[in-house]
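Q: One letter stands for each residue in the lines below.
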Amino acid sequence: MAERTLLSDLERRTPAGRAAAWLLVGFLFVAMLTTLLPLLWALFSVCKPPAQIFSSPPTLFPRPVTDPTQWAWGNWAEACEQVDFVRHFANTIVLVGAIWLLQIIPSALAAYALSRLPTRLGRVMAVGFFLTLLVPFQTIIIPLFLVVREIDLVPLIGRGLGEPGARMLSVYLRVILPAGCSAFNIFVFKSFFDELPSDLIEAARLDGASERAIFWRIVLPLSSSIIAVVSIFTVINMWNDFLWPYLNFDVAGERQWTPIMVRLYSLERTADNATLLAALVISTLPPMILFLLFQRRILRGVALTGLKG
Amino acid sequence: MRLSRRSALLFLLPALMLFVGFSWYPIARGFVYAFQEIPWNPDQPTEWVGLSNFHSVLGDPAFAIAWRNVAIFVGLGIIIGFPVPIALAIALNELRRGRGFYRLMLYMPTILPLVVVAYLWRMLYRPEIGVIDGLLGLVGLGPVRWLENPSTAMLSLVLMSTWKYAGGTALIYLAALQGIPSQLYEAAEIDGAGFWQRLWHITLPQLRFIMVVMLLLQLIATCQVFTEPFLMTDGGPMTAGNPHGATLTVLLYIYNTAFGGGGGGLGAAAAASVILFVVMVVFSLLYLRLTRRAGAV
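Line order of the protein sequences matches chains A and B. Using the working numbering, the first residue of the first sequence is number 87, and each one after it goes up by one. Using the working numbering, the first residue of the second sequence is number 2, and each one after it goes up by one.
Do not take every clue at face value.
[Stated by the list, open to error] Not the full set, but computed from the structure, chain B residues with beta-carbon under 7 Å of chain A:
#  : residue
1  : Val21
2  : Leu121
3  : Val132
4  : Ser152
5  : Leu156
6  : Leu172
7  : Met239
8  : Gly242
9  : Phe260
10 : Val279
11 : Val282
Think of the hints as simulated: they come from the structure by calculation, not from any bench. C-beta: ideal position from N, C-alpha, C; glycine also.
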């Protein structure tokens, strides 16, 4: 049986009810067009010569529409010429991968401890983590920037790794380490661990399993669904992140090994519109592919992580 | 069943180290920086300057303008961005076919990089020859010159944010809508309530709690808007009446103060951050009180 909503199934058979239902569909259809048209415009405009990107009246498709062989396909190649996507994607993947590990593992470990430590100490720690949720990252970005710039590995390992390598490692650590503080993840994981059946864990303990083994072999595998959801959101958000990497690379004067979003910022100053559009589209492919691959998990996870704000 | 204290501490250790180094310590240090003059070169010593950073920030008309702009962003966001996801969710919930498809399409902009969206929309907003002014021209309106017009620049950013985030917010409302018990609608129908009466007296009141939550979250998010004006308007347009720019936000002000050559420097930026910090904590506590009382989150 279908769930009952504003309009009953009986009403939907009356003319007025049918009209109302169609009106709602029409509204959604317009909303969907508004959502999609800018994206389609971006996609098709990459194949336009500069004069067609901005024209009055505006056009969606390159002209002549019917003959794609005449479209300006060269803009894609031009973007790949100007932006070393392989390199910047690789940089981004390294950053995102490290941040992902750091957002999942310490948070899960801490959440497990908080979940199984119903003492005063546990509560004090939980409050400590919780208070950081009250202050959005952006409000402490200036002090954080000043704190992390003291991370400098050059005197430490500059000899062995070479000065440029040690410098880059330092910049990467500056970007990565603060991202590891995710009180949000700790509480998502904790509320999940609180619900795990304790007899499984109790049984493992009776069999003589260590706390570490219980965590890695039992708790984590049982939590794979929640870890997957949090991971997808983390990876997409971190791929898209701009301000924090921008500060630590561009503003700090480290212009090498930048992630793709920071590269787009510098590209925008030099490239023409078609090239920029091509680069924008290409840089969006990884999060878009992840979204399409994991759409079910993502849409189900929204109610959970949407509250992250 | 509980962990021994020693193993619990071991489990907590990695997170603890991260939080001490990159959350608690920088928060505390921010309050120290606010009273110091901090040279750009980290090798040079900092200097205590008392309250002078606060004096320079609070005496700076641009700081007041930034807060006013954020208030305008919030106001426009409430008028435009707030109702759209509610309407979308209500419509989605009435769909009998194709709901999954619409949900997917409407959610898509949420996962796009903000940098990409900002640059794309700046092209769409291009005066006269851009798509939006072009479409308005077809029906004899405009050109509005969206981002270059001081009276529509902030509106442009709000419209873009609505485009990007409405679908994601709609899914949260949709989840709440699906929790409304059908008996409520059936009982109302038996009492002769029509479509609008049911909408007004059942659907919207049932969403009230999540509406307030979303409003507060929107408020908190708006106070931190940076990337949109940074990439699209650089805080402008600047006019004789408002030389500091119609889209200068608080975070953009902090950025300019810290890193823009003419600004008050890193210490003043830290002082402005402390003020923003305090405001954010107040909003967050409000949010917390609200969600705690309702037993959610």
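Q: What are the numbers of the hints the structure violates, in ascending order?
A: Of the numbered hints, 1, 4, 5, 7, 8, 10 do not hold.
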